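With the hints as extra help, turn the sequences into a complete structure.
Residue-level listing of the chains:
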Amino acid sequence: MKKGIRNYIGAAAILAGSLGGQAFAQDQGCIVLKSVAEQEKEVVNAKGEKTKQLVAAAKIVPGMEVVWTVTANNICKVPSEKVTINNPVPEHMSYVADTAFGAGSDITYSLDGKTFGVPTELTVTENGAKRQARADEYRQIRWVFRSPLQPGASAVARFRAVLN
Amino acid sequence: MQSFKQHTRRVALAVVALSLGGLAPSAFAATIDTNFDTTVVNRASVNYSVSGVPQTVIRSAPGAGNSTPGAGGGSDTTFKVDKKLMFLAEETNSAATVTSPGLNNVVAVFRVTNNSNGAQDFQLNPSNPTAPPAIPALFAQNYGDNFDMTNLRARVSNAACSSGAPTTPAYAGETTAYIEQLGEDACKYVFILSDTPLTATVPAVVNGATSVVKLEVRPTTDVSNGVTPEAPTAAADDPLAVEAVFAESGNVLGNQPNDGYSFAYDVYLVGTLTVSKSVAVISDGFTLVAANAKAIPGATMEYTITVSNDGLVTSGATLTEAIPANTTYVAGSTTLNGASVADVAGAMPYVNPGAINSPGQAAGVILANTTLAQRAVVKFRVTIN
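Going down the list, the sequences are from chains S and D. According to this note's numbering, the stretch in the first sequence is residues 1 to 164, in order. According to this note's numbering, the stretch in the second sequence is residues 1 to 385, in order.
Hints in this document: simulated from the structure, not taken from any laboratory. Just so we're clear, the structure is a prediction, and the values are computed from it rather than from any experiment. From the three backbone atoms N, C-alpha and C, an ideal C-beta is built for every residue, glycine too. Do not take every clue at face value.
Said to hold, decoys possible - Once the Cα atoms are required to be at most 25 Å apart in a straight line, the calculated SDA-like pairs of lysine to any residue come out as:
#1 K80/D - R158/S
#2 K41/S - Q256/D
#3 K114/S - G70/D
#4 K80/D - E40/S
#5 K379/D - I282/D
#6 K379/D - V365/D
#7 K52/S - T233/D
#8 K82/S - P54/D
#9 K77/S - P62/D
#10 K82/S - H92/S
#11 K294/D - T335/D
#12 K52/S - V202/D
#13 K80/D - E38/S
As the list claims (entries may be wrong) - Here are the simulated distance ranges between beta carbons:
#14 A46/S - D259/D: 27 to 33 Å
#15 N45/S - D195/D: 56 to 62 Å
#16 V44/S - D259/D: 17 to 23 Å
#17 S75/D - K41/S: 22 to 28 Å
Take a look at the structure:
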């Protein structure tokens with residue numbers, strides 16, 4: 001994964017002069033990144049209607065879906081640009097087709113964590129023949145937000161994965 | 001660190017579709033389920049720029065999140081995989097188990113399969129069901145429940161077990177009464193041993209009578225020796241603890257899905273000693289050719305009683321025979337399989353119940369599926385008054 005994410009040297013580090021990487025790693029960045037595992041649960045509201053709501057991932061057994069939500073909150077006084085969220089599909093889980101979303105983002109997927117593309121661009125070779133990759137073969141998801149994240153604003157990236 | 005190795009995924013898309021939003025999807029074919037107690041981890045990352053300058057990656061954390069940059073920063077968001085309890089009890093041969101009155105340790109064979117996501121202990125509860133369902137679904141015949149077998153015990157077979165068509169292994173003296181750590185997608189054969197009441201004790205135990213027995217299987221916690229049933233907790237759940245979810249199938253013979261029980265039935269059929277009796281005149285004291293002798297007063301008659309067995313090998317087989325009216329027993333005339341049987345208190349030895357057996361067998365033993373030579377044959381003589 002280190003190869004997949006270029007380790008940029010931040011402006012703050014340049015200003016700090018000769019301090020090592022360890023030192024600026026302790027500085028606070030402009031984004032608070034949070035990951036939450038939840039599951040959808042059917043509840044009956046006061047009107048007796050069945051509705052679905054997300055609750056903290058509780059009893060999860062094979063075959064059940066988990067909703068992963070990544071929230072990026074800009075805590076600086078300036079906008080953050082080119083906000084790109086990466087999330088590997090957790091081990092033991094399979095991505096559920098067409099469930100990734102993030103308002104204002106372009107979503108691509110990767111089979112190897114290096115090359116990203118939309119579903120039609122991802123192929124695997126099986127028995128000598130190429131075919132389009134299935135959603136459960138994706139190993140990483142990337143959300144690239146088109147607009148800068150304004151101070152105080154949050155970008156949300158979400159996907160569902162089923163426990164194998 | 002997340003590995004990007006290409007995994008073979010065996011969860012079919014259909015399964016994914018079925019489980020949308022469901023809390024406890026019902027049984028589907030188990031493949032390689034993620035074992036319970038596995039911790040699933042996730043850490044996202046964000047790259048961004050400020051004023052056109054790329055910033056150090058920030059990695060996610062649960063709870064309040066993380067804003068400290070660095071590829072090694074943040075912490076994993078995790079949950080523990082819970083226990084999906086899927087299991088099945090089956091009767092193995094869809095045929096009644098033949099027994100005989102007084103026969104002990106009669107063996108009915110079941111199979112228990114574990115499709116949970118990990119190894120599992122199981123409690124085995126044999127019982128006489130009070131109101132068994134009609135059982136035509138598994139047996140060729142819709143057996144009734146005429147009497148109760150006694151002293152029911154469950155025993156786990158040491159015989160190899162595999163999925164597919166079950167076999168019917170023989171009981172080999174096994175003593176374990178619960179299933180210890182049955183592996184994922186593995187199975188065990190389970191015996192019910194039970195004793196057959198004597199007809200004298202339970203008059204319903206007669207040829208052709210049936211007794212339905214039930215094997216109930218419950219998953220139990222490890223190290224409890226099959227004692228403590230797994231119990232799903234209430235809705236509030238600890239994402240960091242392994243908890244149980246019942247996911248077994250049901251709907252056969254009254255089984256309910258997802259209730260933590262699976263059960264199956266077997267039928268004991270009281271088999272089938274057949275007694276036949278014939279009589280011949282030995283001598284009338286007048287006719288010279290014995291075959292032409294007539295049954296006149298004073299004539300000597302020989303009765304022949306033949307007992308064959310279409311059921312299991314029996315123990316404790318006895319014969320009771322009265323001397324016919326208007327005849328007198330010829331002292332010392334009784335034989336069993338050609339060997340003399342001493343009179344008892346001056347009377348024919350089978351006036352009160354006396355043991356019979358196949359030739360060369362211990363007293364009371366009538367061999368199963370008796371051939372002509374294996375039948376127990378009792379002869380005695382009387383004279384006509």
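Hints, one by one, checked against the model:
no. : hint                       : in the structure
1   : K80/D - R158/S             : 20 Å, holds
2   : K41/S - Q256/D             : 23 Å, holds
3   : K114/S - G70/D             : 19 Å, holds
4   : K80/D - E40/S              : 17 Å, holds
5   : K379/D - I282/D            : 12 Å, holds
6   : K379/D - V365/D            : 18 Å, holds
7   : K52/S - T233/D             : 21 Å, holds
8   : K82/S - P54/D              : 9 Å, holds
9   : K77/S - P62/D              : 24 Å, holds
10  : K82/S - H92/S              : 30 Å, violated
11  : K294/D - T335/D            : 23 Å, holds
12  : K52/S - V202/D             : 59 Å, violated
13  : K80/D - E38/S              : 12 Å, holds
14  : A46/S - D259/D: 27 to 33 Å : 30 Å, holds
15  : N45/S - D195/D: 56 to 62 Å : 58 Å, holds
16  : V44/S - D259/D: 17 to 23 Å : 22 Å, holds
17  : S75/D - K41/S: 22 to 28 Å  : 26 Å, holds
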